[in-house]
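Peer 1: Sequence:
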Amino acid sequence: MSDADGAWVSLFSGGKDSSWALYRALETGRDVRRLVTVHPTDDSYMYHVPATDLASLAAESIGIDLVDVEPDDLAAPSATDSSAQGDDELEPLEAALEALTGDLEGGIAGVTAGAVESEYQTSRIQGMCDRLDCELFAPLWQEDPRSLADAMLDAGFEIVIVQVAAHGLDESWLGRTLDHETLAELEGLNEEYGVHVLGEGGEFETLVVDGPHMDRRIELESETVWEGTRGRLRITDARLE
1 MSDADGAWVS
11 LFSGGKDSSW
21 ALYRALETGR
31 DVRRLVTVHP
41 TDDSYMYHVP
51 ATDLASLAAE
61 SIGIDLVDVE
71 PDDLAAPSAT
81 DSSAQGDDEL
91 EPLEAALEAL
101 TGDLEGGIAG
111 VTAGAVESEY
121 QTSRIQGMCD
131 RLDCELFAPL
141 WQEDPRSLAD
151 AMLDAGFEIV
161 IVQVAAHGLD
171 ESWLGRTLDH
181 ETLAELEGLN
191 EEYGVHVLGE
201 GGEFETLVVD
211 GPHMDRRIEL
221 ESETVWEGTR
231 GRLRITDARL
241 E
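Residue numbers for the sequence shown follow UniProt numbering, so the first one is 1 and each next one is one higher.
Derived from the structure by calculation, the hints contain no laboratory data. Warning: the hint list may mix true and false statements.
[What the hints assert, rightly or not] Have a look at the derived ranges for each label pair, beta carbon to beta carbon:
#: 1; residue 1: G106; residue 2: G188; range: 43 to 51 Å
#: 2; residue 1: S147; residue 2: G201; range: 40 to 48 Å
#: 3; residue 1: R234; residue 2: D65; range: 22 to 30 Å
#: 4; residue 1: A99; residue 2: D144; range: 34 to 42 Å
All residues carry an ideal CB built from backbone N, CA and C; glycine is no exception.
Please construct the entire structure, taking both the sequences and the accompanying hints into account.
Peer 2: Structural data, given as structure tokens:
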């Protein structure tokens, strides 16, 4: 680690993977001074999409200042070229981090990311860190998905499923809390349909509403929106308890 040379910044959506990367960074003594949340407007190759507006509540509970990268900052998608779209989506994030380098004493020592298996995502973030001359901390990278999920639950994470988009995940999954029983069901769906246990392929998205790194739990009120084969929670109210 090079904490003495600067601050750490966590790429943060409020979902379980980025929250776990942040938690592990704090647990291992990294000096995380900013969370950065990108707010995509639609399906994204690079970022967690649903409920990112709740990241500010999570940041308040965690006690670390949040930097937002808004939709207007994002480049328009590059037609059907996923590689170019990923590069386009990275540009405003990199610009935000470059700006933070001047704001944080000592600059940026490193960036945390919650990627598990996505070479597409991780290679771009690693390249960005190389250009920014800082470290990348990706504690979930290529770890066993079930072991990671168990570790999150054992640490005290309360994780709510806020979006589903895969065979085997119907409307009843929306709003469910991830627990060991749910994980066993997901392992069955992995065998039957190939659903990733952590939803790495976009099969489902989550929000961490409580955890050991948070002072106050996020209380949600919501309704389900189902669109035939996929759906999401529409959050009607959210507040810190």
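Peer 1: Confirm or reject each hint.
Peer 2: Against the structure, the hints:
no.	hint	result
1	G106 x G188: 43 to 51 Å	48 Å, holds
2	S147 x G201: 40 to 48 Å	18 Å, violated
3	R234 x D65: 22 to 30 Å	28 Å, holds
4	A99 x D144: 34 to 42 Å	37 Å, holds
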